[in-house]
Amino acid sequence: MKYQIQHITGYQYTQSVSICHNLAHLLPRNYPRQTWLSHELAIQPAAAVQTHRTDYFGNSILYFAIQQSHESLCVKAAGVVEIARAAAPEHLPDMSWRAISEMLHQRRSLMTDPYAFTLPSPAVPITPKLLEFARDSFNPQATLLQAATDLMRRIKQDFTFDAASTTISTPIDEVLDRRHGVCQDYAHLAVGCFRCFGLSARYVSGYLLTLPPPGRPKIIGADASHAWASIFLPGCGWVDIDPTNNMFVSDQHIAIACGRDFHDVSPLRGVLLGGHSHRVTVSVDVRAIGLPSP
Amino acid sequence: MNDSTTIADNRSHRPGGLCGNYVGNPGSYDEMFESGGALRPHWFMFVNQINELGAAEIQRRWLQARQLIHDNGVTYNVYGDPMGMDRPWRLDPIPLLLDSVLWRQLEQGLVQRAILLDKIIADCYGPQRFIHEGLLPPDLILTHPGFLRPCHGAKLPNNRWLYQYAADMVRAPNGAFFVLSDKTQTPAGVGYALENRIVLSRALPDLFRDCNVRRLAQFFLTFRETLIAAAPRNKDNPRVVVLTSGPYSETYFEHSYLARYLGYTLVEGGDLTVRDSQVYLKTLAGLEPVDVILRRLDDDYCDPLELRSDSFLGIAGLVQAVHAGTVCVVNALGSGLAQSPAIMPFLPALCRHILDQDLLLPSAPSWWCADPASLAYVLDHPDDMVIKQAFPRRSFNPVFMRNLTQAQKADMLAEIRRNPRHFVAQEQLTPATTPVLAEGGFEPRHMQIRVQIAATGADSYAVMPGGLARFSASCDTLVVSMQEGGGSKDTWVLADGPVDTLSLLPPTGQNIVINRGGNDLSSRAADNLFWLGRYMERAEGLTRITRGILLRTANQAAGKVSPEIPALTAVAIGQSHSAAGAQVASPGPAAPAAPLEKSTIYSILFDPLQPGSLYSTLVATQRLGGVLRDRLSGDSWRVISNLEHPLVVSPGGESTWQLNDVLAGLDQLIVHFAAFGGFASESMTHGHAWRFLDMGRRLERALYTLQLLRGVMNPVAQEENLILEATLEIADSSMTYRRRYLTNLQAPAVLDMLLLDEGNPRSAAFQLARLSEHIASLPRSLDRPHATPEQKIILRALTGVRLVDVQSACQFQPDGQRPELNQLLAGIVEHLEALSDAVSRGYLAHTSISYQLGSLPAVNKL
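So the protein lines, in turn, are chains S and C. Count along the first sequence starting at 1, add 1, and that's the number in the numbering used here. Count along the second sequence starting at 1, add 2, and that's the number in the numbering used here.
The hints are simulated quantities; they were obtained by calculation from the structure and are not laboratory data. One should not assume that every hint holds.
[As the list claims (entries may be wrong)] Label pairs and their in silico Cβ distance ranges:
#: 1; chain 1: S; residue 1: R280; chain 2: C; residue 2: P717; range: 36 to 42 Å
#: 2; chain 1: S; residue 1: Q45; chain 2: C; residue 2: E835; range: 40 to 46 Å
#: 3; chain 1: C; residue 1: A375; chain 2: S; residue 2: S97; range: 25 to 31 Å
#: 4; chain 1: C; residue 1: T801; chain 2: S; residue 2: R280; range: 46 to 52 Å
#: 5; chain 1: C; residue 1: N421; chain 2: S; residue 2: R86; range: 41 to 47 Å
#: 6; chain 1: C; residue 1: G265; chain 2: S; residue 2: Q45; range: 42 to 48 Å
#: 7; chain 1: C; residue 1: H154; chain 2: S; residue 2: Q16; range: 52 to 58 Å
#: 8; chain 1: S; residue 1: Q107; chain 2: C; residue 2: H355; range: 18 to 24 Å
#: 9; chain 1: C; residue 1: R404; chain 2: S; residue 2: D151; range: 48 to 54 Å
#: 10; chain 1: C; residue 1: N421; chain 2: S; residue 2: A79; range: 44 to 50 Å
#: 11; chain 1: C; residue 1: R420; chain 2: S; residue 2: R136; range: 51 to 57 Å
#: 12; chain 1: C; residue 1: V673; chain 2: S; residue 2: Q16; range: 45 to 51 Å
#: 13; chain 1: C; residue 1: A375; chain 2: S; residue 2: Q16; range: 56 to 62 Å
#: 14; chain 1: S; residue 1: K157; chain 2: C; residue 2: H355; range: 48 to 54 Å
[Unchecked claim] Here are a few chain C residues that sit away from chain S, every Cβ distance over 12 Å (derived from the structure):
#: 15; residue: Q114
#: 16; residue: Q130
#: 17; residue: P139
#: 18; residue: P140
#: 19; residue: R151
#: 20; residue: D208
#: 21; residue: R277
#: 22; residue: S313
#: 23; residue: P400
#: 24; residue: S462
#: 25; residue: A677
#: 26; residue: L780
For glycine and all other residues, C-beta sits at the position ideal for the given N, C-alpha and C.
Based on the sequences and whatever the hints tell you, model everything.
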């Protein structure tokens with residue numbers, strides 16, 4: 002599938018800002034199934050400094066600074082990406098989750114990359130509450146993908162999706178108490194459950210197709226940035242799962258960045274001088290190229 | 003004295019004197035005496051000489067030395083200390099002596115350890131080979147909160163991360179040294195070590211010379227060269243700044259001390275800004291590029307954009323500047339990682355692997371509890387252990403298991419079992435004892451020593467020949483902590499022969515580039531100087547007027563109240579009941595002639611709860627002085643640090659003070675103020691720093707004089723000549739007046755002298771003229787119009803004063819009011835307040851709050 006993506010973030014300040022420093026995880030990254038054909042980023046007002054680097058997790062990050070007085074900021078990222086359909090879970094070389102967990106632990110020095118994602122992180126600590134919730138899905142005999150399937154089913158069933166219920170900083174225990182959340186909380190929750198059992202799970206931020214192709218069900222997370230989880234399956238690599246929509250990722254998810262949790266990959270953050278308070282608007286548009294628009 | 007016989011005596015006898023019946027603790031190594039009771043040879047010279055001096059002489063010199071410590075303002079801030087900030091530093095007069103053979107061994111071990119830690123840090127932020135090769139557990143680094151991922155991949159000159167390092171060491175009973183902790187974040191202690199050295203070498207100059215003590219200056223010279231070489235650009239004359247977390251930091255004294263000693267600008271995060279991926283210092287004259295940042299701020303606080311977003315102490319964009327290679331941060335951001343004691347168990351293998359050498363200087367045996375076998379050992383031997391945090395945070399002191407009750411011990415072990423990876427257990431070693439001077443002679447205390455190491459050349463390190471020795475509060479406790487009542491010592495590393503002296507000034511004969519700059523005054527420092535001037539002057543004004551009142555009270559006939567006292571008291575109350583900076587309350591109508599209450603004077607002078615009282619003003623002055631420590635000469639600082647002394651006549655309570663004591667104290671204070679004024683005008687370079695200090699003084703003095711005139715001249719007093727006389731006296735202008743007018747006291751003449759006479763340094767016009775000069779000399783950015791708001795205001799005020807007709811202004815109405823004068827004075831006061839605001843806005847407004855631009859959560863629609 003080919004998609005055209007446009008992601009616009011706008012900030013309106015109540016007072017003028019004299020200087021701002023920003024860090025954006027908005028630049029595309031290629032994955033085995035995902036290739037960017039084109040991409041551009043526009044910043045208004047013009048940034049005095051704009052420079053790329055690769056972060057610790059291999060994501061492309063953009064640092065930019067606006068050094069003239071301004072009352073608003075608009076960052077527009079647009080591009081075309083081609084995504085190959087992921088293998089269906091039933092075709093993957095599945096393994097017992099316990100065997101995977103043991104292997105990751107034993108080879109932790111050599112397999113540092115997947116192993117690193119078995120460890121707790123600032124937004125995803127391993128808490129007794131989390132472990133208690135996770136336990137039911139990790140039957141000792143289950144394979145990794147069986148556990149994942151069951152976990153996603155339970156999250157979908159037990160939790161209410163509620164855009165108003167959390168901010169970016171809701172602790173995972175609070176999400177568990179309230180059984181409410183947004184896709185970010187769902188992703189954190191799923192990531193944490195795998196890590197409870199020594200399994201590698203990372204957090205992925207990206208986009209989702211706005212309008213499903215005809216005949217496919219309507220899904221949650223469109224028109225905004227989306228977040229999901231990715232788990233490590235030896236012999237296969239990272240398998241993306243979307244707990245918000247209780248599905249294995251196929252070809253409707255466009256990944257931008259991945260990390261331990263939201264804090265590693267927040268799309269846009271900044272420190273500014275002045276400004277007092279601000280209003281932010283975000284719009285995301287994802288269209289499949291070659292499909293009829295409604 | 004014949005040395006050979008003395009040595010023979012020492013071998014066969016106890017030296018006696020101060021050593022008396024000194025015995026170390028059984029089971030500890032003693033630094034001074036061998037286990038058989040003989041004095042260790044490297045102490046011979048010292049002990050002989052100190053015994054010759056005798057206890058009384060040492061005590062006498064030590065009192066002087068303690069005054070020096072107080073005057074120099076050596077303090078150690080303890081967070082949450084009910085005694086308030088700035089606890090004085092405790093120093094023992096007996097240094098720790100280390101001989102040259104031992105020192106060479108320690109040096110080798112410390113240099114090796116520094117190289118090793120540097121390579122470990124570099125690897126963690128680079129290829130992470132040591133993790134892949136199984137030499138460091140991945141969990142240790144990857145869950146370490148001090149592993150700052152945004153710093154990963156930074157390309158640093160010579161791939162050097164560690165520039166400054168310190169090791170805390172103890173000597174075990176077998177005489178060997180062990181490292182208790184490695185300080186790679188912001189290794190404190192160097193300033194205290196220097197200060198201890200200065201105090202001790204002054205108190206015991208002969209001993210210091212005769213013992214061939216190695217000097218410290220070369221170490222700092224080397225370090226300065228290293229920092230210059232580390233500058234990515236401007237290598238000829240790089241700008242190096244010392245970044246502090248501010249006066250509330252535990253070790254602020256040291257930050258300012260280091261800045262002064264090395265000749266660098268002391269800055270807070272708010273003084274720096276990143277433009278075009280380059281760090282700049284915000285000065286009055288504009289932005290000046292910064293090449294090297296010697297940070298005393300923990301690395302995770304250094305950049306709110308990429309590191310801790312809740313930090314208000316850092317510089318947004320600093321990490322970017324590091325990646326861009328435009329600035330060198332010392333130690334590199336991320337170096338705090340190696341401070342974790344959890345790394346210690348892995349050092350021997352890492353050392354063999356990386357350097358192909360055995361680790362020369364061992365760590366105290368340590369176990370990281372994340373490893374199941376280590377955990378089991380620790381749980382089996384709890385009483386041998388000191389528990390430390392694996393990932394140190396500020397609020398955790400080591401726990402000595404042996405000192406806990408059974409219940410506390412069980413809690414601690416349960417906590418370790420719950421969170422094993424958060425804890426490291428270290429075998430509790432019995433530290434060596436060393437003598438401290440107590441009432442009856444020497445007494446043993448357990449001690450540990452912190453030694454400083456600094457980078458030199460491209461890949462090596464130099465050890466400071468000395469260090470900060472700290473000792474326990476008593477010989478019964480093994481816990482060595484300044485916070486728990488211990489103290490510190492200077493460490494004398496003895497050379498084999500006479501030592502060269504060296505100063506930090508460049509050698510003669512070397513051509514120096516002439517530079518009249520010092521043009522690095524940050525807006526924050528300028529602001530503080532301005533307020534220091536204001537507080538100092540405000541204190542002086544209050545002192546002068548109160549002294550005038552009290553003198554008159556003392557001289558008044560019994561039962562009769564001098565008529566001028568109520569009016570003056572009203573002015574003093576107006577001044578003291580408003581905090582500096584707030585608009586001074588206009589003096590109210592003079593109260594009817596009533597006896598002066600002691601409580602009124604108490605509230606003006608001593609009341610700590612009254613923000614404008616003399617006491618509060620002096621405390622505020624001292625606090626500002628402390629913040630500006632790096633900008634004040636030692637002499638000026640001495641004046642400031644002793645400011646509150648004359649006021650200590652009143653131990654508290656509203657009526658305990660005695661008139662004559664207070665008067666003597668106030669006289670003394672006036673001399674202090676004059677001394678400070680003298681140092682400021684005679685010893686400070688007349689640059690921007692001086693201008694801001696003087697502007698503060700002038701502005702405050704003008705305000706004070708105007709308020710005084712308003713209070714005493716309007717309305718006309720019953721016996722005006724009495725109050726005019728008092729006013730002249732308070733304004734220190736009686737002599738001049740008498741010379742001009744003899745004893746003929748007339749309101750217009752007094753007004754001329756105190757308001758208009760630009761030749762009288764106490765007149766309002768004099769202050770305005772000086773302010774006008776200062777304002778004309780301030781740097782002006784090109785985008786500001788030619789006449790700045792502050793220039794316009796001062797011009798208006800000065801012209802207004804120059805145009806005054808004193809005869810007409812002194813006209814009064816039948817009810818005694820002088821409306822013209824009152825309006826005139828009020829108008830000038832208003833101008834001055836507007837001026838203060840304009841200067842703040844134009845030059846000092848640096849504290850714009852920065853804040854986070856939060857991302858939106860990934861919000862979705864159903």
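Structure-based check of each hint:
1. Checking the proposed 36 to 42 Å range against R280(S) and P717(C) shows it is violated: the Cβ atoms sit about 58 Å from each other.
2. As the Cβ distance of Q45(S) to E835(C) is approximately 42 Å, the hint placing it in 40 to 46 Å holds.
3. With their beta carbons about 27 Å apart, A375(C) and S97(S) fall inside the hinted range of 25 to 31 Å.
4. Hint check: T801(C) to R280(S), Cβ distance near 48 Å, so the stated range 46 to 52 Å holds.
5. For the pair N421(C) and R86(S), the supplied restraint of 41 to 47 Å holds, since their beta-carbon distance comes to about 44 Å.
6. The beta-carbon spacing between G265(C) and Q45(S), approximately 45 Å, falls within the hinted interval of 42 to 48 Å.
7. At about 36 Å, the CB distance of H154(C) to Q16(S) disagrees with the hint of 52 to 58 Å.
8. Between Q107(S) and H355(C) the Cβ separation comes to about 21 Å, which falls inside the hinted range of 18 to 24 Å.
9. Distance hint for R404(C) and D151(S): a CB-CB separation of about 50 Å, consistent with the stated range 48 to 54 Å.
10. Distance hint for N421(C) and A79(S): a CB-CB separation of about 47 Å, consistent with the stated range 44 to 50 Å.
11. Taken as a hint, the range 51 to 57 Å is violated for the pair R420(C) and R136(S), whose Cβ atoms sit roughly 18 Å apart.
12. Against the hinted window of 45 to 51 Å, the Cβ-Cβ separation of V673(C) and Q16(S) comes to about 49 Å, which satisfies the hint.
13. For the pair A375(C) and Q16(S), the beta carbons lie near 60 Å from each other, so the given range of 56 to 62 Å is met.
14. About 50 Å separates the C-beta atoms of K157(S) and H355(C), a value consistent with the hinted range of 48 to 54 Å.
15. The Cβ of Q114(C) sits about 25 Å from the closest Cβ of chain S, beyond the 12 Å cut-off, so the non-interface label holds.
16. The non-interface label for Q130(C) is inconsistent with chain S: the shortest C-beta to C-beta separation is roughly 7 Å, within 12 Å.
17. A Cβ of chain S approaches the Cβ of P139(C) within 12 Å, the least distance being about 8 Å, so the stated non-interface status is violated.
18. With a least CB separation of 5 Å from chain S, P140(C) falls inside the 12 Å interface cut-off, contrary to its annotation.
19. Annotated as non-interface, R151(C) brings its C-beta within 12 Å of a C-beta of chain S; the closest such distance is 4 Å.
20. Against chain S, the non-interface label of D208(C) holds: every CB pair exceeds 12 Å, the least being about 57 Å.
21. Not every Cβ of chain S is farther than 12 Å from the Cβ of R277(C); the closest lies at roughly 6 Å, contradicting the non-interface assignment.
22. With a least CB separation of 10 Å from chain S, S313(C) falls inside the 12 Å interface cut-off, contrary to its annotation.
23. With a closest Cβ-Cβ approach of about 25 Å to chain S, P400(C) is found to remain outside the 12 Å limit, as its non-interface label requires.
24. Annotated as non-interface, S462(C) keeps its C-beta farther than 12 Å from every C-beta of chain S; the closest such distance is 30 Å.
25. Distance check for A677(C) against chain S: the nearest CB is about 41 Å away, which clears 12 Å, and the non-interface claim stands.
26. Chain S leaves L780(C) outside its interface by the beta-carbon criterion, the shortest separation being 21 Å against a cut-off of 12 Å.
In terms of the numbered hints stated before, the structure departs from hints 1, 7, 11, 16, 17, 18, 19, 21, 22, listed from lowest to highest.
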